[in-house]
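Student: Work from the hints to combine the two standalone chains into their complex.
Here are the chains, one letter per residue:
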Amino acid sequence: GAVVSQHPSRVICKSGTSVKIECRSLDFQATTMFWYRQFPKQSLMLMATSNEGSKATYEQGVEKDKFLINHASLTLSTLTVTSAHPEDSSFYICSAMEGDYGYTFGSGTRLTVV
Amino acid sequence: SQKIEQNSEALNIQEGKTATLTCNYTNYSPAYLQWYRQDPGRGPVFLLLIRENEKEKRKERLKVTFDTTLKQSLFHITASQPADSATYLCALDLQTSYDKVIFGPGTSLSVIP
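Protein chains in written order, with the working numbering: chain G, 5 to 118; chain H, 18 to 130.
One should not assume that every hint holds.
[As the list claims (entries may be wrong)] Residues from chain G shown here face chain H by an in silico Cβ test under 8 Å; the list is partial: (1) F43; (2) S47; (3) L50; (4) N74; (5) G106; (6) F109; (7) G112; (8) T116.
Read the hints as simulated data drawn from the structure, not as lab findings. Being a predicted model, the structure only gives us computed values, none of them experimental. All C-beta atoms in this analysis are idealised placements derived from N, C-alpha and C, irrespective of residue type, glycine included.
Excised from the complex, chain H in its bound form (with noise of 0.2 Å):
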């Protein structure tokens, strides 16, 4: 069956440390894989997108890998900061006869001061 999975468990880290946030899918073939930020009460905010044919894009504290043949995306932020407490989205664009995004269950981040 398909499916897309993110850390099961809330991340909390200390400030000033690098947060690590995994995506793992099974029977998909996205052509490109986003990750965004959700804020409580909010809609998503787009981060990052990476292709299948790259291997790594960087934002500025931001960085994303992406690993076709282990099916698999890690999300790094470098120097985290409280205000970077959210949940964090994984999501695969399909490209399928029409554009088609299927979201992740997120990962709720708590950067700790």
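For reference, chain G alone in the conformation it holds in the complex (with noise of 0.2 Å):
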């Protein structure tokens, strides 16, 4: 089946500093990409969905210039978190779709800013 690999699982920062959270499809081309956040005991919230080659479409909220997004090639979409600070704090997890069946989650990043 499917799979999306992400990297870091885990990651901690100092406040200001910026991090780059990586999202890879592993068997499959992704022209579309998405990028959640989770807080403890809460769902899933989109940021934003992420194409190949083109603008990364943002939700309402989410400040794009802190949440940079690049879709650089088919396979990989990465999410920097940059001058983060200790409310960036939470679970970041991707996802893809394969044909037309359902999504596939990475593992999820846990970021931590201190």
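Tutor: Shown next, in the form of structure tokens:
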């Protein structure tokens, strides 16, 4: 089945620094990938839709200058959290769809900003 | 306003019984409705998808129903096992100008041996 690899699984960074999270589709090409964040005991909130070769589509309330998304190839999308602050600490998850049947999610990245 | 609601309380059931989880939505018109399982600290895992023109879908011990009039989906796990304990998320695929999937808050299921 489809596999989406997300890296790193955990990262701790200092306030004010930037962190890059990678999301790769391992055995299929994904023209579209999705980025979510999830706070403890809450559901997934869609942040943006990443489109290969074009600009990402951000959901209302998500700062595009803070959460930079790049989808440079059919198998890789990256999310960069710039000038991270403690309130950005969260669980970030990417997903992609193969064919016409459900979405495959990465294993998530636990970001802690100290 | 638009919203998706799932069982408000955590669900505890005895092993071997059938677990029934509900998903209700308001002011959405999903083309598909999906169910996912999520374990702590992990990404969701896709379980089942049901289309707007389908009433019921089955997969092994899982059954999903979809009533677009009631704007409700029911998710059943028959012969439940402790390994089924997890959070279950329903998700609406809105099929807008781009694929957009909106998740419900999830229901925590505990199957007691």
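Student: Which earlier hints can't be squared with this structure?
Tutor: Numbers 1, 4, 8 - these are the hints that the structure violates, sorted from lowest upward.
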